[in-house]
Amino acid sequence: MRKKNLNTIVAAVSLLFTITFISSCYYDNQEELHPNVNSTGGCDSTGVMTYTKNIAPIMIESCGANNPGCHQISTSSNFNIGLNSYADIIAIDTTQLMSSINQDGKFSKMPKGANKLADCQIAIIQKWINTGKQN
Amino acid sequence: MRHLKFIISFLFPCLLLALPAWSQDDITKIMDQAQPKTHPISIATFKATRIINLQTVEVLGKRTLDFRISHRFGTFHSGSENFYGLDGPANIRLDLEYSYNGRLMVGLGRSSYEKMMDGFLKYRLIRQTEDNHVPLSVTLLANMYYTLQKDNGKVTVGYDIYMHQYSRMSYEYEIIIAKKFTNKFSFQLTPYLLHYNQVQHITDKNDIYGVSCGLRYKVTRSMAITAEYAYNINDYSNEKYYNNLGIGFEIETGGHVFQMHIVNSFGIVENQFLAHTTDKWSNAGIRLGFNISRVFTI
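Protein sequence lines, in the order shown, are assigned to chains A and B. Read in order, the letters of the first sequence correspond to residues 1 to 135 in our numbering. Read in order, the letters of the second sequence correspond to residues 1 to 298 in our numbering.
Careful: at least some of the hints might be erroneous.
Pairwise CB distance ranges (calculated) [said to hold, decoys possible]:
| no. | chain 1 | residue 1 | chain 2 | residue 2 | range |
| --- | --- | --- | --- | --- | --- |
| 1 | B | N132 | A | D119 | 53 to 59 angstroms |
| 2 | A | T50 | B | I262 | 27 to 33 angstroms |
| 3 | A | K127 | B | V219 | 54 to 60 angstroms |
| 4 | B | V219 | A | Y26 | 42 to 48 angstroms |
| 5 | A | N135 | B | C213 | 42 to 48 angstroms |
| 6 | B | A284 | A | S24 | 36 to 42 angstroms |
Hints were generated in silico from the structure; no laboratory data involved. Just so it is clear, the structure is predicted and the values come from calculations on it, not from any experiment. Every residue gets a Cβ at the ideal spot worked out from N, C-alpha and C, and that includes glycine.
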């Protein structure tokens with residue numbers, strides 16, 4: 001009797017898993033779902049780039065304050081690289097920063113454990129560096 | 001082609017997941033008939049349910065609960081300033097696995113990398129016998145993953161890549177074929193299929209298939225050397241990813257199995273280490289890692 005009950009439970013769980021598997025299989029890619037991924041779209045890389053307006057939202061969201069255990073403060077274990085304030089970010093080696101976010105393999109690929117930044121976000125950071133890292 | 005893949009993607013899990021429903025009676029009977037008492041079952045092909053990252057052919061014994069802690073440090077090439085990776089960043093996975101009948105096993109885990117939840121079902125289909133009457137062991141495995149990370153880019157890009165909940169999910173299926181050649185040496189070969197519901201680029205493939213292999217060589221009664229390698233067959237991305245390769249040793253002490261290894265992948269679960277390993281051995285992109293397993297009979 002006990003064995004029969006167990007079989008019923010196992011069968012129910014298997015069925016539930018099967019239904020979940022079948023109902024949730026998709027063949028999506030971000031470029032088709034979000035056509036703006038590689039164009040300006042919601043991310044505007046034109047005009048003058050400043051830290052406060054353009055860089056801080058990207059850095060704080062993807063690297064600094066909103067990412068526990070990441071580049072929140074310059075004394076963290078992450079190679080003493082802080083990416084949470086203007087003072088921190090102008091002090092770092094920008095060649096290494098660009099290499100990491102472009103994920104060219106020369107330095108650790110960033111952001112760690114998350115998707116690569118959108119091309120437009122990388123373009124904003126590059127433009128900000130090229131135009132003198134304004135606050 | 002897509003339909004074919006779709007069918008393959010689901011035929012296997014359906015088969016796998018449907019099996020337990022009738023296996024208690026039928027398969028057990030068939031196996032009992034095929035393996036009378038004169039053909040003793042070969043035990044301990046591998047000592048734990050993992051080699052390094054890869055699942056082994058082993059399934060936990062009856063009414064056994066396994067609590068596992070896995071840890072991967074940073075890369076050696078991060079240098080002395082970062083204590084060759086030991087300062088981090090690190091990836092930690094905790095999981096609980098249980099088997100009621102010694103054939104079907106369930107597991108639930110959580111990795112810190114990509115905030116990945118995972119669950120799996122593993123079913124021991126065929127067991128090797130000591131006299132080679134049944135020459136191989138075969139185990140089926142179905143994995144399911146769900147990432148809990150948020151899309152940090154949505155503030156600047158204007159949309160959330162995890163807009164649909166299903167975009168967070170991926171799956172993996174394996175047929176694990178293993179043989180214990182001698183009391184000291186075991187080898188396993190595993191064809192696998194990996195599916196991501198969402199990939200980044202239009203040129204990326206949602207389905208990745210490949211084959212992995214692993215071995216264990218016993219050095220002393222309680223110590224063994226292990227190694228594993230996974231090879232992805234199809235060209236699934238324009239990004240540069242490397243195959244998972246690791247070597248390690250394991251020590252068994254009572255209810256504990258302690259595994260220490262050097263491996264190039266940061267991820268511990270299949271949807272991370274099989275297809276998204278970004279570090280390579282040739283430039284010391286390898287890291288120290290360990291797995292600790294503690295079993296309880298309940």
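Status of each hint after checking the structure:
no., hint, result
1, B:N132 <-> A:D119: 53 to 59 angstroms, "holds (57 angstroms)"
2, A:T50 <-> B:I262: 27 to 33 angstroms, "violated (45 angstroms)"
3, A:K127 <-> B:V219: 54 to 60 angstroms, "holds (58 angstroms)"
4, B:V219 <-> A:Y26: 42 to 48 angstroms, "holds (47 angstroms)"
5, A:N135 <-> B:C213: 42 to 48 angstroms, "violated (55 angstroms)"
6, B:A284 <-> A:S24: 36 to 42 angstroms, "holds (39 angstroms)"
When held up to the earlier numbered hints, the structure conflicts with 2, 5 and fits the remainder.
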